[in-house]
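Q: Start from chain B and add chain U according to the hints.
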Amino acid sequence: MKKFYKIIKELLLLIAALFFLSPIYIIIVNSFKDRQELYENVLALPKEFSFQYYIEAMEKMNFLNALANSLYITILSVLIIVVLSSMTAWMLARTDNKLSKIIFMIFIATMLIPFQTLMMPLMQFMSTITNTLHIPMINTREGLIFMHIGFSSSISVFLYHGFVKSIPITLEEAATIDGASKFGVFWRIIFPILKPITVTVMILNVINIWNDYLLPSLTLTDKGLRTIPLSTFYFFGEFTIQWNLAMAGLMLTIIPVVIFYVLAQKHIIKGIGEGAVK
Amino acid sequence: MQNKINKGWYLLFTAPLFIIFLTVVVIPFVIGIYYSFFKWDGIAANPKVFVGFDNFIKLFGDTRFLESTWKTTLFTILAVISVNIVGLVFALLVTSKLRTSNAARTMVFMPYLIGGLILGYIWQFIFLDVFTLIGEVTGLENVFFNWLIDMDFALYALVFVFTWQMAGYIMIIYIAGIHSIPNDVMEASMIDGASWWQRLKNITFPLLMPAFTISLFLTLSSAFKIYDVNLSLTGGGPANSTEMFAMNIYNEIFGYGNYGYGQAKAIIFFLIVAAITLTQVYITKKREVEL
Numbered sequence: 001m002k003k004f005y006k007i008i009k010e011l012l013l014l015i016a017a018l019f020f021l022s023p024i025y026i027i028i029v030n031s032f033k034d035r036q037e038l039y040e041n042v043l044a045l046p047k048e049f050s051f052q053y054y055i056e057a058m059e060k061m062n063f064l065n066a067l068a069n070s071l072y073i074t075i076l077s078v079l080i081i082v083v084l085s086s087m088t089a090w091m092l093a094r095t096d097n098k099l100s101k102i103i104f105m106i107f108i109a110t111m112l113i114p115f116q117t118l119m120m121p122l123m124q125f126m127s128t129i130t131n132t133l134h135i136p137m138i139n140t141r142e143g144l145i146f147m148h149i150g151f152s153s154s155i156s157v158f159l160y161h162g163f164v165k166s167i168p169i170t171l172e173e174a175a176t177i178d179g180a181s182k183f184g185v186f187w188r189i190i191f192p193i194l195k196p197i198t199v200t201v202m203i204l205n206v207i208n209i210w211n212d213y214l215l216p217s218l219t220l221t222d223k224g225l226r227t228i229p230l231s232t233f234y235f236f237g238e239f240t241i242q243w244n245l246a247m248a249g250l251m252l253t254i255i256p257v258v259i260f261y262v263l264a265q266k267h268i269i270k271g272i273g274e275g276a277v278k
Numbered sequence: 001m002q003n004k005i006n007k008g009w010y011l012l013f014t015a016p017l018f019i020i021f022l023t024v025v026v027i028p029f030v031i032g033i034y035y036s037f038f039k040w041d042g043i044a045a046n047p048k049v050f051v052g053f054d055n056f057i058k059l060f061g062d063t064r065f066l067e068s069t070w071k072t073t074l075f076t077i078l079a080v081i082s083v084n085i086v087g088l089v090f091a092l093l094v095t096s097k098l099r100t101s102n103a104a105r106t107m108v109f110m111p112y113l114i115g116g117l118i119l120g121y122i123w124q125f126i127f128l129d130v131f132t133l134i135g136e137v138t139g140l141e142n143v144f145f146n147w148l149i150d151m152d153f154a155l156y157a158l159v160f161v162f163t164w165q166m167a168g169y170i171m172i173i174y175i176a177g178i179h180s181i182p183n184d185v186m187e188a189s190m191i192d193g194a195s196w197w198q199r200l201k202n203i204t205f206p207l208l209m210p211a212f213t214i215s216l217f218l219t220l221s222s223a224f225k226i227y228d229v230n231l232s233l234t235g236g237g238p239a240n241s242t243e244m245f246a247m248n249i250y251n252e253i254f255g256y257g258n259y260g261y262g263q264a265k266a267i268i269f270f271l272i273v274a275a276i277t278l279t280q281v282y283i284t285k286k287r288e289v290e291l
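So the sequence lines, in the order shown, correspond to chains B and U.
Each step along the first sequence adds one to the number in the working numbering, with nothing skipped, and position 177 is 177.
Each step along the second sequence adds one to the number in the working numbering, with nothing skipped, and position 148 is 148.
These are calculated hints, taken from the structure and not from any lab test.
It cannot be assumed that every hint is accurate.
[As the list claims (entries may be wrong)] Coverage of chain U stretches by chain B, computed from C-beta distances (three or more under 8 Å per stretch; other residues unrestricted): (1) 88 to 98; (2) 109 to 123; (3) 189 to 200; (4) 225 to 234; (5) 260 to 268.
Since the structure is predicted, the reported quantities are computational estimates derived from the model, not experimental observations.
For glycine and all other residues, C-beta sits at the position ideal for the given N, C-alpha and C.
In isolation and in its complexed conformation, chain B is listed as follows (with noise of 0.2 Å):
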């Protein structure tokens, strides 16, 4: 009786688990139709697989100029925002006095700002900047990647300070002792010891930039700098009558996320789990 129970519960579990999953099938059998097999019926299986509408959408959407884009922004984004925040952090955790304090008080207590709050001033600075410095803030990748770093840093500086927190100290007092400097302390003995809280801090921050839109969509005008997310909308504004076609677009949009996660599951799945318990 008891693993009868237990069957049961395997597979209601599955079901459960498949069900939500259920879209993404719907989004993949259409992808390979026609618009009249599409309508004759949006679940059934696709009568041949023919790549000829992943073909024209990727065209459409320019997608490999997008998917460069967003590699771009986000690897570059997400590597600066790991060597600025540990820096920070470290410093802030283990230089205890008045200003450290006061510095990592701003950036806990700013994380309650909503990006709405911010995006229109955020422009109209940045675009002062762009002006007067000439220093070409809007409308360039390197422009967005600074505004990703600005936004990522609270939450990435919260994380490893609490995690230097937790290091004993006595191992970069027997470091200095031996005569390394501040750089080397950081980079030949904190830094690898850093390497869970990295991990964490990677992943959230490459979901974040990777799936965000507002913020491009605000700093970005030329077509040529759109990412993933900014291609997709504009996509989505000019066909979406034809729902095969953007089945086809959404399941491109789709597959780096779905790679990006069986390379990285484990490493993902926990670095959640830690940056939440943090």
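A: Just chain U now, kept in the frame of chain B:
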């Protein structure tokens, strides 16, 4: 001498990030407060007219804004309940040592990675074609129809899709919480003959309080700030019935060009988000128990 070197290191380590952070977050926040007292259309050549608190007073007579406040509140309440129930149920199932656990965990978490904008488009198609098809086949046309064209159901559609997006993420947090409950406590209660429900009610839930704090905080604040899913699923329609706070502010500023008035809304938005999340964290933190 020692002190001087330390100052140099201090600057080198903290200044780069802090300057970026000031430029992107702190300075725009201060400028934003300043803008909220002006009437301005966003065009640099046009004058900014100081109106004092007029923008804030005007909010109370803005029916579209008040409607959006009510809808956002309703959405948030429904979404928080729904996300946390689905997330918690999956977490309890996945941690009950089943062979299908890993597969289920992977599948349920998947939507969170895909991103709000794309999820909204996926569900637009499902409500449009799959729901109508199910309605025709089963005859349950009162339940299965295109929710997105109905003024009440469009909001439930938003709750539905948001739950689909967030439940996996919240599940991971509850799983982490469940794993942190010491095994011996559970074993001791089993030896004492506690039933499954008694263990859940008297041990699991109280010890899960920290996970509740975080999950509620995350769902509450992200539901309140919802934008991407809102934009791609309903676009605020039909007839503005699903125009959430964030979208209302965006439209006011960039759609209608009321920069000063829109920014006043944005400041109020910040105050509400801060008040709600801080209150929630305060309340649930108080209920956390130490082992």
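Q: Hint by hint, note whether the structure agrees.
A: Hint check:
{"no.": "1", "hint": "88 to 98", "verdict": "holds (count 5)"}
{"no.": "2", "hint": "109 to 123", "verdict": "holds (count 13)"}
{"no.": "3", "hint": "189 to 200", "verdict": "violated (count 0)"}
{"no.": "4", "hint": "225 to 234", "verdict": "holds (count 5)"}
{"no.": "5", "hint": "260 to 268", "verdict": "holds (count 4)"}
Consistency with the previously given hints fails for number 3 only.
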